[in-house]
Structures are given as C-alpha cells and as structure tokens.
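A.B. asks: Here the protein sequences line up with chains A and B, keeping their order. Take 1 as the starting number for the first sequence in this note's numbering and just add one per residue. Take 1001 as the starting number for the second sequence in this note's numbering and just add one per residue.
One or more hints might be untrue.
[What the hints assert, rightly or not] List time: in silico DSS-like cross-link candidates among lysine-lysine, alpha-carbon distance up to 25 angstroms:
(1) K1101/B x K1059/B
(2) K71/A x K113/A
(3) K113/A x K1059/B
(4) K1050/B x K113/A
Honestly, the hints are just simulated from the structure, not real lab data. All of these numbers come straight from a predicted model, not from anything done at the bench.
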Amino acid sequence: MAQIKEMQRLTHASNEQAGTITTAEPTIEKQTRSEEDLDLPWQIIVHNDPVNLMSYVTMVFQRVFGYPREKAERHMLEVHHEGRSILWSGMREPAELYVQQLHGYLLLATLEKIC
Amino acid sequence: MEIRRRNDHIELSELDPFLAELLRQIPTSADPGGVPAAEQRIFSSPTNGKETETCAEWKTYVEPELRRLFQTATQTVAGDLEQLNGNEKSLANRTLRIPSKHADAWLSALNQARLVIAAKNNFTENELNDHFRSPIGSRRDLSLFQVNFYGFLQEFILRELES
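Sequences and hints are given; from them, build the entire structure.
C.D. replies: Printed below as a string of structure tokens:
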C-alpha cells in the first residue's frame, strides 16, 4: 500500500533527522501481497447513494479524475440508474489513491480486482 | 431567506431564527456520534468485502486521515457560524456570510451532515425524494427537512463554484 510505504519512509527520515536511530537494521517493508497481485488490473466502482446530490457527484468525478463535464455526467447518471459505474481501471496503487479521494468526498467507492 | 453571491462571499440574509438554528446544527449533525449506521456510511468499506487485508490497512492508515479531513471542514464551518451567535433568543432575522474560500469546507460539512442524518434516521429513497413533504409533525420530519435544506445550500454553493 503506497501510503504505508510512504509513512514508513517518512518515519525513518524523521528519526534520522532527530538522530534517534537506535538499530542498524534497515526498515523492511512487510510483503503483504504478491507481485502478481499488484500487477493485476483493478477497477474503481462508485455505487449509488440516494443522499449525495447528482450535481455534487458530477463535480467530484470532474475533480478526482479530471473528466470533462459530459463524461462525468454520463458516469453519474449510470450510478443513478444502474446502481454503479466503473470509473477507472488500472494499477492498484493509483486506484487506491483515487478511492481514498472519493471517500474524502464521501462517495461510496470500492476497489475491485478485474477477474 | 435570501441567498446571493457577493464579491468574495456567499451571503445568506433574512435568516429567520428557525433556519439560523438549523445552520448552527451543521457541525453537530455531521458527527456520527458513535452510531454504527452513520459511522459505516461516513467511513465506508474500500472493497466489496473480499479484500479483508486491504480493509484492515485502510482502517489503520486511511481512516484517521479521512477523520482529520472531515473534522477540518466542520471546524471551518463552525467558525463561520459564530456570526450567528450572541442573540439566540432574539426573533430578529440574521445574516451569514460564507467566504468563497470556505466553499469546499461547507460542501463537505453539509454533505457529512446530510449523510449522517439520513443514516441515523434510516430514510428511504422515496422519503429523500419527497421534497414537498409538509408540515413538520415529528422529529423525523424535521430531520428530513434538515437534509433537504442542507441539500438546497449545497446546490447553491455548487452553482457558485461552477460560475
């Protein structure tokens, strides 16, 4: 997970700055998933939510994915009518960051492996 | 109530005490308050349930970030709402000025509040789409009115951001 790795890197750097490194052992990132797992394509799905306003959802799609208004509206309407829409697919790390941003806007978004 | 765009802010004028009180309740309403349905909606799962490891990591590393993000937005809104404090018992109408640079914080806080209220009351889609329901006869009706009123404000702010 990108954030975890970044956090570990920052912690390590800040310890170095403060001169508080007490062990000579390098930071070893725990391998939680196989390379194959990370390379598989993933997709981001946004699910319908009757509370979020349609105009708000459109704005979020434009902001997060940089989609033009028409494309953002098409996805928003798909979410509204079909209950879900695939917004993006690709590598796992950027997908996680997109989902995090969507959750920051309080949209119901999930990350799913493409089988 | 009148709502209009001024140079660098959105102005809500002629706010009667009832609407002013609803606005004052935004920060409190946005707080899930430990209610499981509201917590689950605000901090929803990032996967369809199959990726338990991802969910665990998400709870540890991402949720605290999201919590801080949401808290910052409600704190900004609470600061703006201080304009309404001081004469709560007066029946005089009030004016609230929302700085344009706070528009995103307001969108976020209003959205949080609407989602939390809807989750706590378990509103159905039909209820949420019934924008002309009246009169307010129960706490539940009042909560629905609150959701719609906050939605109206969101729509206005969104229009202003686009223009």
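A.B. asks: For a C-alpha distance cap of 25 angstroms, please report whether K113/A and K1059/B respect it.
C.D. replies: holds, 20 angstroms
A.B. asks: Has the given pair, K1101/B with K1059/B, been kept, meaning a C-alpha gap of at most 25 angstroms?
C.D. replies: Distance of about 30 angstroms is beyond 25 angstroms: violated.
A.B. asks: Take the C-alpha atoms of K71/A and K113/A, compute the straight-line distance between them, and say whether it is at most 25 angstroms.
C.D. replies: holds, 23 angstroms
A.B. asks: For K1050/B and K113/A, compute the direct alpha-carbon distance and say whether it is at most 25 angstroms.
C.D. replies: holds, 10 angstroms
Hint 1 from the list above is the single one not met by this structure.
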